[in-house]
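Q: Sequence:
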Amino acid sequence: MTHAAQPRLANALPVRNVPQEALLRLDLEPFHVAAEPQLSACPMGETGICRNPFCSARFVPVRPHQLYCSAACRKSDDQEFRAVGLRAAPALLAWQMGRYAPKGTALADLSRAGRNYYSALAAQWLRDRRRRMHLAEELR
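The working numbering runs 1056 ahead of the 1-based position in the sequence shown.
Everything labelled a hint here was simulated from the structure, so no lab data went into it. Any given hint could turn out to be false.
Okay, the calculated beta carbon distance ranges per label pair [unchecked claim]:
id : residue 1 : residue 2 : range
1  : LEU1084   : ARG1183   : 46 to 56 Å
2  : GLY1104   : LYS1159   : 41 to 51 Å
3  : GLN1122   : LEU1195   : 22 to 32 Å
4  : THR1103   : ALA1179   : 18 to 28 Å
5  : LEU1191   : PHE1115   : 17 to 27 Å
C-beta: ideal position from N, C-alpha, C; glycine also.
Given only the sequences and the hints, what does the whole structure look like? Please build it.
A: Here it is, written out as structure tokens:
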């Protein structure tokens, strides 16, 4: 297929034409940095147990901050985080857009719907990760 014959989405802009100012820029440090004292006091998982919920294998960490027993487990969890993030992002935006909107307005209703969706998604995701951890334990 020649370059001219390649299909394009009607409204898609080629990446090479996007100005630097238009690229995503989040100046917030990663969560593990922002919450380091809290994570030290209350870790989100046990050291030496793989964070991939379906694996949950015991391993000897090579580095103090190692969370996964293998690159495959890390990649699998990264894919899961991306999938959840894609579902959560619109709800988070809606929640923040109308956070200070007057009650009874459409924007306030949208914000509440975003908050409710995000809360339900987070709770369901945590339950599912725990379910898979227990399943992995049973299968061992």
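Q: Give a verdict on every hint.
A: Status of the hints after comparison with the structure:
1. In this structure, LEU1084 and ARG1183 break the distance hint of 46 to 56 Å, their C-beta atoms being roughly 27 Å apart.
2. Here the CB-CB span from GLY1104 to LYS1159 is close to 49 Å, well matched to the stated 41 to 51 Å.
3. At roughly 23 Å, the beta-carbon separation of GLN1122 and LEU1195 lies within the given 22 to 32 Å, and the hint holds.
4. The given range of 18 to 28 Å is respected by THR1103 and ALA1179, whose C-beta atoms sit roughly 26 Å from each other.
5. The hinted range of 17 to 27 Å is satisfied by LEU1191 and PHE1115, whose Cβ atoms lie roughly 19 Å apart.
Consistency with the previously given hints fails for number 1 only.
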